[in-house]
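Got chain A sorted already, so can you dock chain B onto it with the hints?
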Amino acid sequence: MTVFSLIIINKAGGLVYQREFQPGLRKLSTNDYLVLAGTFHGVHAITRSITPKLPLSTASTAATTPTSSNMPPTPGIPNSFTPGSAFTFPNPGTPATGLECLETDKFRLTCFQTLTGTKFLLFTDPIMGNIDVVMKKVYELYADYVMKNPFYQLEMPVRCEAFDRHLGGWLRGRT
Amino acid sequence: MVVYSFYIFDRHAECIYNRRWVPRPSSMIGKSSRPTSETSTTTNTLPPVLGHSARTTDDDAKLIFGTVFSLRNMVRKLGGEDDSFVTYRTSQYKLHYYETPTNIKFVMLTDLKSPSMRVALQQIYINLYVEYVVKNPLSPVEHPGGVGVNNELFEESLEQFVTRVLS
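Sequences listed follow chains A and B, in order.
For what it's worth, this note's numbering labels the leading residue of the first sequence as 2, then goes sequentially.
For what it's worth, this note's numbering labels the leading residue of the second sequence as 63, then goes sequentially.
Wrong hints could be hidden among the right ones.
[What the hints assert, rightly or not] Straight line, CA to CA, 27 Å or less: simulated BS3-like cross-link-like pairs of lysine-lysine:
#  : chain 1 : residue 1 : chain 2 : residue 2
1  : A       : 107       : B       : 197
2  : A       : 28        : B       : 139
3  : A       : 12        : A       : 28
4  : A       : 149       : A       : 137
5  : A       : 107       : A       : 149
6  : B       : 124       : B       : 139
7  : A       : 28        : A       : 107
8  : A       : 12        : A       : 149
9  : A       : 149       : A       : 28
10 : A       : 138       : A       : 149
11 : B       : 175       : A       : 12
12 : A       : 137       : B       : 175
13 : A       : 12        : B       : 124
14 : B       : 139       : A       : 149
15 : A       : 137       : A       : 12
16 : B       : 197       : B       : 139
17 : A       : 107       : A       : 137
18 : A       : 28        : A       : 137
Derived from the structure by calculation, the hints contain no laboratory data.
Extracted from the complex, chain A is given alone in its bound form (with noise of 0.2 Å):
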């Protein structure tokens, strides 16, 4: 398994932590990482907008309306007056987040966002798995030496030796 780096994005969509662990992807200059960032932060946001909307009823609502209006509105289904609007999800179980993962042909880019906005980019080897396990050891890592150093400043780039090391160490007993 491989993890050749990890990118941390604040929730206004600038660079905070940017680290590479392994050779594999090219090399680019701070300036270049920080509209990576920037860019990434933008396309997340649409990917989250354009998903496909499937409409409840396209053809009931508009030819039975005049017949089944006294039918209680299904319950779980947001339901509103004018027929444009009713909409679902394909899952409707869970919320539409924004791009989650994405494969190439070279690398698989796996995107964590936290519940305040923080995204964890991590850039793996496209063929392993358990991505979900590196990614919940960064966080907690994150959560223990970041979050709780109080010399941190929030939305600031990442500057502690604490993290680095104990990053460093986790990710390279697992190899």
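Just chain B, lined up with the frame of chain A:
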């Protein structure tokens, strides 16, 4: 698996073809309107405007192109010039991407259960697009506004491909 929509973009970033499929309304609503079940099958072929009141299909195509274009450039920067992204997924849908050597981009949105569609998109390009659009002597070289792509043979065979081969 379900295919939600399909787009073709030419090398000038213009959407030359787009097609949306809307699955039949969920069964609990369908039951209440048994007489209209025939019309609900025909809605599959109509361009649905409902459910997209705020944004039109045209705007969607632009957003999708922007996404695909940015991701492609990002991936090329990181993985090298010969790398290209194949698919991405969110919690709701999967987007598949295939780019021909002539920079025509094929994009398909499906549900999460679908496997990799790279081969399918390649087949659409080779067996449908090249056969019915490129080899058509009456079709122009460029397709501004979808002229030449929206011919009957192409649309019909695409419909068949998606409904029979992919489902």
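_Between the alpha carbons of residue 175/B and residue 12/A, is the straight-line distance 27 Å or under?_
Roughly 30 Å separates the two Cα atoms, so the pair is violated.
*asked:* Tell me if the straight-line CA distance from residue 197/B to residue 139/B falls inside 27 Å.
replied: Cα-Cα ~35 Å, so violated.
*Would you check the hint for residue 137/A and residue 175/B, treating anything up to 27 Å between C-alpha atoms as holding?*
24 Å, holds
_Hinted pair residue 12/A and residue 149/A, Cα distance within 27 Å_ = 18 Å, holds
*Measure nothing beyond the straight line between the CA atoms of residue 28/A and residue 139/B; if it is 27 Å or shorter, mark the hint as holding.*
Holds - the C-alpha atoms of residue 139/B and residue 28/A are around 9 Å apart, at most 27 Å.
*residue 28/A and residue 107/A: Cα distance at most 27 Å?*
14 Å, holds
*Given the hinted pair residue 138/A and residue 149/A, is their alpha-carbon gap at most 27 Å?*
15 Å, holds
*Are residue 107/A and residue 137/A close enough, with their CA atoms no more than 27 Å apart?*
23 Å, holds
*Given pair status - residue 28/A, residue 149/A, alpha carbons within 27 Å*: Since the Cα atoms of residue 149/A and residue 28/A sit roughly 31 Å apart, the hinted pair is violated (cutoff 27 Å).
*Take a quick look at whether residue 137/A and residue 12/A sit within 27 Å of each other, Cα to Cα.*
19 Å, holds
*Hey, residue 107/A versus residue 149/A, does the alpha-carbon distance stay inside 27 Å?*
35 Å, violated
*Holds or violated: residue 12/A with residue 28/A, Cα cutoff 27 Å?*
24 Å, holds
Comparing the model with each earlier hint shows violations of hints 1, 5, 9, 11, 14 and 16; every other hint is respected.
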